[in-house]
Amino acid sequence: MRSRWTFLLRFAVLLAVFELPLLTDPADRYVARPLSSSIAAASGALLGAIGERVIVRGTIITAPCFAVDIQNGCNGLETMLFLVAAVLAFPATARQRLLATLLGILLIQAVNLVRVTSLFVVGCHRRAWFESFHLAIWQTIVFATAVLFFAAWSRRAVARA
Amino acid sequence: MPLRALRFIAGAAAGFLFWWYATPVYNDALGAAAAQILQIDKRLCGPRADAIDRNVFVQPRLCVVPTATIPADQLTYNIILLAALFAMRGRNILAFIASCVVVIVTHVLSLIVSIESTYANTNGVWSTQHYSLFERQLWISTEFFWRLAGMFAIVFACWWIAQSSRKPGV
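Note that the protein sequences, when read in sequence, are chains Z and L. Everything in the first sequence is counted per my numbering, starting at 1 for the first residue and increasing by one. Everything in the second sequence is counted per my numbering, starting at 1 for the first residue and increasing by one.
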C-alpha cells in the first residue's frame, strides 16, 4: 500500500514537472506547434486517402465543409507526458522504462491520429456531434489508452522482477 | 480479457450516459457549492452560479461586475473514465463510491478555478484592475494543467489506490 502512495507522489511531481512547461512560449513554439503540424500533415494525408478533399496549412486542416486547428490538448502531447510520468514513477529497470516510453508514445500518437482524422469527418458530416466527440469521447479514449497501457506494462514489469 | 474489455466499454457507456443526462442537474449542484465558497472572494461580489443547459452562468449580486459563462460540462467528463476503469473489476463498490466523492470534490474545486481564471483573464480592464499579473498567471496555469492532465490524473490516482488490496501492477 505504501509503495502505491510513493508511486502516486512521484507520479504527481513528474506530471507537474512535465506538463507545466507546456504553458511557456518556447515549449509551445518549439515542441507543441511542430508536433501539431506533423499530426495535421499525417491526418491530412489519411483524410485524402479516404476521399476527403482537405488542405493542410501548419496546424490547420481545412475543407469546404469544415476546418480544425490542432492545438495543445489535441496533439496527444499531454497524454504522452502523463504516460512517461507514470512509467518513470514506477519501479522498473531503465530498459523496461525506455521500451514502455517508446511503445506508449507510438500507441498514443496512433490513437491520436485516428482521433484527429475521425473528428474532422464528424465535424464535416455531423457537426452537432463534434463537441461531445472532441472532448468527452476522444479525450477519454486517449487517456484510457495511456492508463490501460501503463496498467498492462506495470503488471508485466512486476512479473519479470 | 474480453470480459474485462466488455466491462470497460459498458462502464464507459454508463459513465457517458450519466454525464450527458445528469449534467444540467449536476451543474446546478456544482454551481451552488462553488458559489458558497466564492463568497469569500469579495471581488466577485457575492456571486450566484446557476446551470444553464450544459454551462454554469455566474452572476455577481452585490455590485456591478461582469457576468461569466463557464462550460462546466468540460470539467466533469472524467467521470466516464472513472466508471470505465472501476467497471473493469467489479465488486469494488466502496472504493468506487469513495473515488466518486473525491472526484466530485475536485469538480467543485475545478469550477472555482475556472470561474476565477475567467474573471482574472477575460474581462479586460476589470481583470487587470482586480487581479495581479501573478494571480492571473496562477489561475490560468492551474486551469490549463487541470483540463489537460489533472482531471484524468485524479481518476487514475483513485483507481490506482483502489487496487491496493491486489498485487502490485494491475
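Any given hint might turn out to be false.
[What the hints assert, rightly or not] Just a sample of chain L residues kept apart from chain Z, beta carbon distances all over 10 Å, derived: (1) Ala32; (2) Arg43; (3) Asn78; (4) Gly90; (5) Ile112; (6) Ser141.
[Claimed, not checked] Now the in silico label distances, taken between C-beta atoms and shown as ranges: (7) Leu103(Z) to Glu135(L): 37 to 43 Å; (8) Gln71(Z) to Gln137(L): 15 to 21 Å; (9) Ala128(Z) to Cys63(L): 35 to 41 Å.
Note that these hints are calculated values from the structure, not bench results. Small disclaimer: the values here were computed from a predicted structure and weren't measured. The C-beta atom is built at its ideal place from N, Cα and C for all residues, glycine as well.
Outcome of the hint check:
A cut-off of 10 Å between C-beta atoms confirms that Ala32(L) is not in contact with chain Z; the least separation is 23 Å. With a least beta-carbon separation of about 24 Å from chain Z, Arg43(L) lies farther than 10 Å from that chain, consistent with its non-interface assignment. The claim that Asn78(L) lies off the interface is violated: its Cβ sits roughly 8 Å from the closest Cβ of chain Z, which falls inside the 10 Å cut-off. No beta-carbon of chain Z comes within 10 Å of the beta-carbon of Gly90(L); the shortest separation is about 16 Å.
With a cut of 10 Å on Cβ distances, Ile112(L) stays outside the contact zone with chain Z, its closest approach being about 20 Å. Residue-level check failed: Ser141(L) sits 5 Å from the nearest beta carbon of chain Z, not beyond 10 Å. Here the CB-CB span from Leu103(Z) to Glu135(L) is close to 41 Å, well matched to the stated 37 to 43 Å. Separated by about 19 Å at the C-beta atoms, Gln71(Z) and Gln137(L) satisfy the suggested range of 15 to 21 Å.
Our hint of 35 to 41 Å for Ala128(Z) and Cys63(L) holds, since their Cβ atoms are close to 39 Å apart.
Of the numbered hints given earlier, the model fails hints 3, 6; all others are met.
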